[in-house]
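There are 2 protein chains.
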Amino acid sequence: MDWEKRLRCEALKEKLMTAEEAALLLEDGMTVAVSGFTPSGCPKAVPLALAEQVRSGKRKLRLNLLSGASTGEELDSAWASLGIIARRLPYMTSGALRAAVNGKAGEPVAFTDIHLGQLAQNTRLGFYGPVHVAIIEAAAVTEEGNLIPTTAVGCSQAFIDAAERVIVELNLKQSAELEGFHDIVRLPDPPCRGPVPLTQVGQRIGTPWLRCPAEKIAAVVLSEAPEKPRPLAPEDEVSRRIAANILAFLQKEKAAGRPSADRLPLQSGVGSVANAVLLGLKDGEFSHLRFYSEVMQDGILDLIDAGKADLASATSLSLSEDGMRRLLENLERYRSKIVLRDSEISNSAELIRRLGVIAMNTAVEADIYGNVNSSQMGGTNIYNGIGGSGDYARSSAISIFMTGSVAKNGAVSCIVPMVPHVDHTEHDVDVLVTEQGYADLRGLSPKERARQIIENCAHPAYRPQLRAYFERACAATGGAQTPQLLEECFSFHTRLRETGSMLITDEKEREKPC
Amino acid sequence: MDWEKRLRCEALKEKLMTAEEAALLLEDGMTVAVSGFTPSGCPKAVPLALAEQVRSGKRKLRLNLLSGASTGEELDSAWASLGIIARRLPYMTSGALRAAVNGKAGEPVAFTDIHLGQLAQNTRLGFYGPVHVAIIEAAAVTEEGNLIPTTAVGCSQAFIDAAERVIVELNLKQSAELEGFHDIVRLPDPPCRGPVPLTQVGQRIGTPWLRCPAEKIAAVVLSEAPEKPRPLAPEDEVSRRIAANILAFLQKEKAAGRPSADRLPLQSGVGSVANAVLLGLKDGEFSHLRFYSEVMQDGILDLIDAGKADLASATSLSLSEDGMRRLLENLERYRSKIVLRDSEISNSAELIRRLGVIAMNTAVEADIYGNVNSSQMGGTNIYNGIGGSGDYARSSAISIFMTGSVAKNGAVSCIVPMVPHVDHTEHDVDVLVTEQGYADLRGLSPKERARQIIENCAHPAYRPQLRAYFERACAATGGAQTPQLLEECFSFHTRLRETGSMLITDEKEREKPC
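Top to bottom, those sequences are chains A and B.
Note that numbering that gives the first Met the number 0 has the first sequence beginning at 0, numbered continuously upward.
Note that numbering that gives the first Met the number 0 has the second sequence beginning at 0, numbered continuously upward.
In isolation and in its complexed conformation, chain A is listed as follows (with noise of 0.2 Å):
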């Protein structure tokens, strides 16, 4: 039976249960932290039971959930329905947690919203309280009862290190195939530590098992749920002309002798402009590329086949159907250049800084000055969180915001006075990138800053308002460090609310303070 090959660990079969049976291990007030990272690797067949449980009114309970980033329907979307998670963190991706956490329908989730590079040592130092059970997906359980991860690592193995009991759900849909593709590190906690010693992308100083207590083990379900992969994001102009505008500033950097794609290693998050980016990097003149980041697309695997990436590093395999079946098909080609670590070593402000990372992260929204709204709708209602954006960004060796112009077919200008939520300050953002262009603003003050970026990255449509709202904010403020005139700087939004748009189409009245 493929099972018995994959629970290698005698010890561990007296463990064996139904994913019902080890549902009824979590129980009211608990908190219960999970393995995978988005929607990858995460357990999937105990909490549908648990979710199955409630749904049918045998059970009723509310739990506090914390997980690498995101989670699959089963976790996020299924519990967050049914009323089952109290407390979140530290990132969503689902759209009934989301209205959850926003109060726009069933019980109120209490979200927190954390650097994720961050969230491994936060848990182990007890900063969230205890964690009372982790639940694990496992491809396979070894000889001497270690766990391989499954299409990620996230915080697998802070979260067993910090739980009271584990759970491992075998995944028999998962392949047997990703043993060794995961390198695990054990990351002491402060004071008494020395260095993380990786000092290259490619570069494996753990193991390839999570390493777990057999007492700890509660239970060991087989399952055979299916990972929904992530459907590749659709390609569009904008998204194009972002990544063309990106190469540009590469290239920029290169031609002016300093560190570039060509010696510095890539993040690069998911999503269209993502695609786009590493879409244009395949027809581009960087070649030995090196990425370090949180997840991998198809992309990757489009340059790896192309001979112009050799290397990647990342927490979570994010690949399309077709994308994982390449992968499992090419093994020998992958499997030396792809590593999958722990989100707590591919989000480390140490490895970031010392690899000198070029950051390409997404920005909702950002304002003249530079700051950045990577999270929250109108400033107030979150959409899927900061995720590791700020781990790379504040350590990186140049960081990219990137963003359209506009979105809503115009409706909304990207480009605002003033961001009505910061996660990312004037001083973590080297360079805005729109399909419009770029604005390098390393070592601009504020006023040359906005001046750059409505004339390069504002659509120009929006320029004449952006123009003239600064040109009154210099004006009344006396030409102050960053002129803001707090009446007017959340017009554009107050606007789009009021009239469904941002634009003011006549011309008298953008001279006009509201």
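Bear in mind the hints are in silico, worked out from the structure with no lab data behind them.
In this text the structure is predicted, and so the values were computed from the model without any measurement.
Beta carbons: idealized from backbone N, C-alpha and C, even for Gly.
Heads up, some of the hints might be wrong.
[As the list claims (entries may be wrong)] Just a few of them, taken from the derived set where beta-carbon distance is under 8 Å, the chain B residues facing chain A:
| hint | residue |
| --- | --- |
| 1 | F126 |
| 2 | G193 |
| 3 | P196 |
| 4 | L246 |
| 5 | G478 |
[Said to hold, decoys possible] A short list of chain B residues far from chain A (calculated; beta carbon distances all over 12 Å):
| hint | residue |
| --- | --- |
| 6 | E9 |
| 7 | L88 |
| 8 | Q250 |
Dock chain B against chain A, hints included.
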């Protein structure tokens, strides 16, 4: 002669010239980088000579000025008031410079406010263009031509490495006994570099001198310019109560079995609150204290003398006249306990994270969701800048921010609905402390944070109007993640401007939207 004992490199004697002659090496449009961090360790003679050349009408020029942090009056104030500074980074404390930066007096200055820990690498990588001249204050020059720094290290080594030419100011008024306090590290730039091999606060990993190729040295100037000591910040009751609340938090952590000041090094800034915290520690329960900070104040000498502190690492000796005398009269007691480092090391994300520093930084104001403004008055006029606060806050094990609950005799609430400038986001603030109490924000959602901050940190006089705002915002946004009213969130600030106070005295007014 004293100077001959200090200028021990024969070959450099032929580079001796007067400050006036050396000042002629500075030409219009140049970028000049100087030693020092705070007024400590900055060059004085050459800057004053240049100022005199400009003041007397002999010369007219504008320069870009880089320094480790702020500088002395001889530099920022003298130059800014004569219009010599065109561009300035990364930090300031000079009133004349501040006025110029904010457009209030003198020639405009383009000021860039960056994380001090990132300045060295950015400069070496050429992000701010070429450095034409570095001016380095030295206490001595060794036989080999290496430079012994004076009261601060700052970015001196990086500036020497980046500069085309170097002017050495050999300051005979600085004690020659400072030799041996410094530990200078020349960090390579990414991508080819290993870990910074520092694992203990007091460890020495470099050399006691700055390395400078003899051929770069364009001038050696003998100086007898005294360094103006920093006056001790006055103690006051509010500072003492803030300090007591910080100590209460640290004791709670220890009692809960979590790492606290007994196990983790402390970062402590300057000013009356930082002083009061040091004083509180002297009488408190913690011993074997270690400091990993930017600046070293008198209070740390007191803690060493009292047997409470074992080690202090800093980049600057920011001592009073009495403190400096005490240091020099008891060199043997202090030499093994104090290390002065490059600011790239003192403010290193890698090291702050590894050591698990407890960061204590000062806020200008904080909002009810935990975002902190530490640089801009009214959101528009910069005061000093962020300095190293972000380096420590982001990478620390625990990030504490502190402020009085009110300023200007109660006319200003330092807890507001929304800060009009964000330097540290909600993601970087673990604990907020005022003289009223502390709010432990770890793991809380924004709405939970708001209740804690209003009830524990805000001044009682402002609590009713903060509660009223928060409740209105919750109602209007339907309990969104971060309830804010964009039309009203700056009403505290606009009320201050219009009425001279943020306070609503009429009870009924509180309930009304603006």
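Hint by hint, work out which the structure violates, then give me just those numbers in ascending order.
-> Checked against the structure, the hints that fail are numbers 4 and 7, while the rest are satisfied.
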